[in-house]
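> For reference, the chains in residue letters:
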Amino acid sequence: MLGLEALIAWLGSSTLNQYIVSHSYVWPTLESLHFIGLSLLFGAMLVIDLSVLGLVGEVSFTALKKFVWVSIVGFMVNLITGIGFIFGDPSRYFSNPSFVLKMFCVWIALLNAWYFSAKVRGLSSQDFPLSLKISAGASLMLWCLVLILGRFIPYVE
Amino acid sequence: MEVLVWLEMSSIGLWVSTSVWGYPIVLTLHTLGMGTLVGLSLMIALRVLGMGNGIPLERINLFWKWALIGFVVNLVSGSTLFIGNASSFWYSWPLRIKLLLICAGLLMTHRLVNSVAKDSQRIMKHKAQAIVAMVCWLGALIAGRLIAYIF
Numbered sequence: 001m002l003g004l005e006a007l008i009a010w011l012g013s014s015t016l017n018q019y020i021v022s023h024s025y026v027w028p029t030l031e032s033l034h035f036i037g038l039s040l041l042f043g044a045m046l047v048i049d050l051s052v053l054g055l056v057g058e059v060s061f062t063a064l065k066k067f068v069w070v071s072i073v074g075f076m077v078n079l080i081t082g083i084g085f086i087f088g089d090p091s092r093y094f095s096n097p098s099f100v101l102k103m104f105c106v107w108i109a110l111l112n113a114w115y116f117s118a119k120v121r122g123l124s125s126q127d128f129p130l131s132l133k134i135s136a137g138a139s140l141m142l143w144c145l146v147l148i149l150g151r152f153i154p155y156v157e
Numbered sequence: 001m002e003v004l005v006w007l008e009m010s011s012i013g014l015w016v017s018t019s020v021w022g023y024p025i026v027l028t029l030h031t032l033g034m035g036t037l038v039g040l041s042l043m044i045a046l047r048v049l050g051m052g053n054g055i056p057l058e059r060i061n062l063f064w065k066w067a068l069i070g071f072v073v074n075l076v077s078g079s080t081l082f083i084g085n086a087s088s089f090w091y092s093w094p095l096r097i098k099l100l101l102i103c104a105g106l107l108m109t110h111r112l113v114n115s116v117a118k119d120s121q122r123i124m125k126h127k128a129q130a131i132v133a134m135v136c137w138l139g140a141l142i143a144g145r146l147i148a149y150i151f
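Chains A and B are the protein sequences, given in the same order.
For the first sequence, my numbering assigns the number 1 to the initial residue and increments by one for each residue that follows.
For the second sequence, my numbering assigns the number 1 to the initial residue and increments by one for each residue that follows.
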């Protein structure tokens, strides 16, 4: 694919790439931030999904709304640091099967989260319908999968 | 030290360090456990700091129980990773600092969960504890990342 090669070449010659490659502190800093973002996203996801599944007692969704924002903050941190990784080592990711699958799972997980938030909007009681519980279960599995696939990126190249 | 070499040469040690999938599988379990333990501990601290008031404070011990499942996963997976490379991990300063911060984080969050349910009046004390716990967990996470970079 010519488009992809051109993109990789552009990323590799960018100022950001030069900065990341020539400063040894940047990569471990990006990794630490990526793991902090992971903890925020994963922790908030657990609070919401375990609650909806009824595994931590009865909780109304209005109580959980703030944690949706925490998960969005965690996601944004990881989107930004993830883009940083791609700028720093552009030839590594696009052809890596674990990365490609991870990005696919991220999209599905985001679509699921969008479905979840649309579905939950009109609810006033804390009796969550089955469709919402299935969505919460799917969210748990998808984000676990995202994490697993991310961890496997260095081992399948 | 001889014990460290003996650990590395044990069947578990060799499985982690020489098999194709041993190391990535255990490392992945360690990351899932971290997301659960650190993630939920941070959410507990944020709740004590006033976020998501609809979740009753007496309820946060249920979240702590889930977090401790993550701790058990990481105690086992972390020990396994250590055994695989014992003679270099033993001297790792980031790992030593990480282990201290995990002990502090566990102690702080455990005390926080217990005292917040019993005595909801001492809000400022609990908030201070929550901030200390968060700093411990974030410090442990960063120190853990740096094990791969600082020898």
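Honestly, I wouldn't trust all of these hints.
Stated by the list, open to error - Once the Cα atoms are required to be at most 27 Å apart in a straight line, the calculated DSS-like pairs of lysine-lysine come out as: (1) A:K133 - A:K119; (2) A:K119 - B:K118; (3) A:K66 - B:K65; (4) A:K119 - B:K125; (5) B:K127 - A:K133; (6) A:K133 - B:K125; (7) A:K133 - B:K118; (8) A:K119 - A:K66.
Stated by the list, open to error - On the chain A side, residues computed to face chain B include the following (Cβ under 10 Å): (9) T15; (10) Y19; (11) F85; (12) F87; (13) L142.
What the hints assert, rightly or not - Cβ-Cβ distance ranges computed for the label pairs, FRET-style: (14) A:Y25 - B:I123: 19 to 29 Å; (15) A:L55 - B:W21: 46 to 56 Å; (16) A:S14 - B:I123: 45 to 55 Å; (17) B:S11 - A:A9: 29 to 39 Å.
Source of the hints: derived by calculation from the structure; they are not laboratory data.
Glycine included, every Cβ here is placed at the ideal spot set by N, Cα and C.
> Hint by hint, say whether it matches the structure.
Taking the hints in turn, this is what the structure says about them:
1. A:K133 - A:K119: holds, 11 Å
2. A:K119 - B:K118: The given pair, whose Cα atoms are some 36 Å apart, is violated under the 27 Å limit.
3. A:K66 - B:K65: The hint holds at about 21 Å.
4. A:K119 - B:K125: violated, 39 Å
5. B:K127 - A:K133: Violated, because 33 Å separates the two Cα atoms, which is more than 27 Å.
6. A:K133 - B:K125: violated, 37 Å
7. A:K133 - B:K118: Violated, because 32 Å separates the two Cα atoms, which is more than 27 Å.
8. A:K119 - A:K66: holds, 17 Å
9. T15: violated, 24 Å
10. Y19: Because about 18 Å separates A:Y19 from the closest Cβ in chain B, which is outside the 10 Å limit, the hint is violated.
11. F85: violated, 14 Å
12. F87: Violated, because the Cβ-Cβ distance from A:F87 to chain B comes to roughly 19 Å (cut-off 10 Å).
13. L142: violated, 13 Å
14. A:Y25 - B:I123: 19 to 29 Å: Once the Cβ atoms are compared, 39 Å apart, the range 19 to 29 Å for B:I123 and A:Y25 is violated.
15. A:L55 - B:W21: 46 to 56 Å: Given a distance of about 31 Å, which is not inside 46 to 56 Å, the answer is violated.
16. A:S14 - B:I123: 45 to 55 Å: holds, 49 Å
17. B:S11 - A:A9: 29 to 39 Å: Taking Cβ atoms as reference, B:S11 and A:A9 lie about 47 Å apart, which means the hint is violated.
In summary, the numbered hints that this structure violates are 2, 4, 5, 6, 7, 9, 10, 11, 12, 13, 14, 15, 17.
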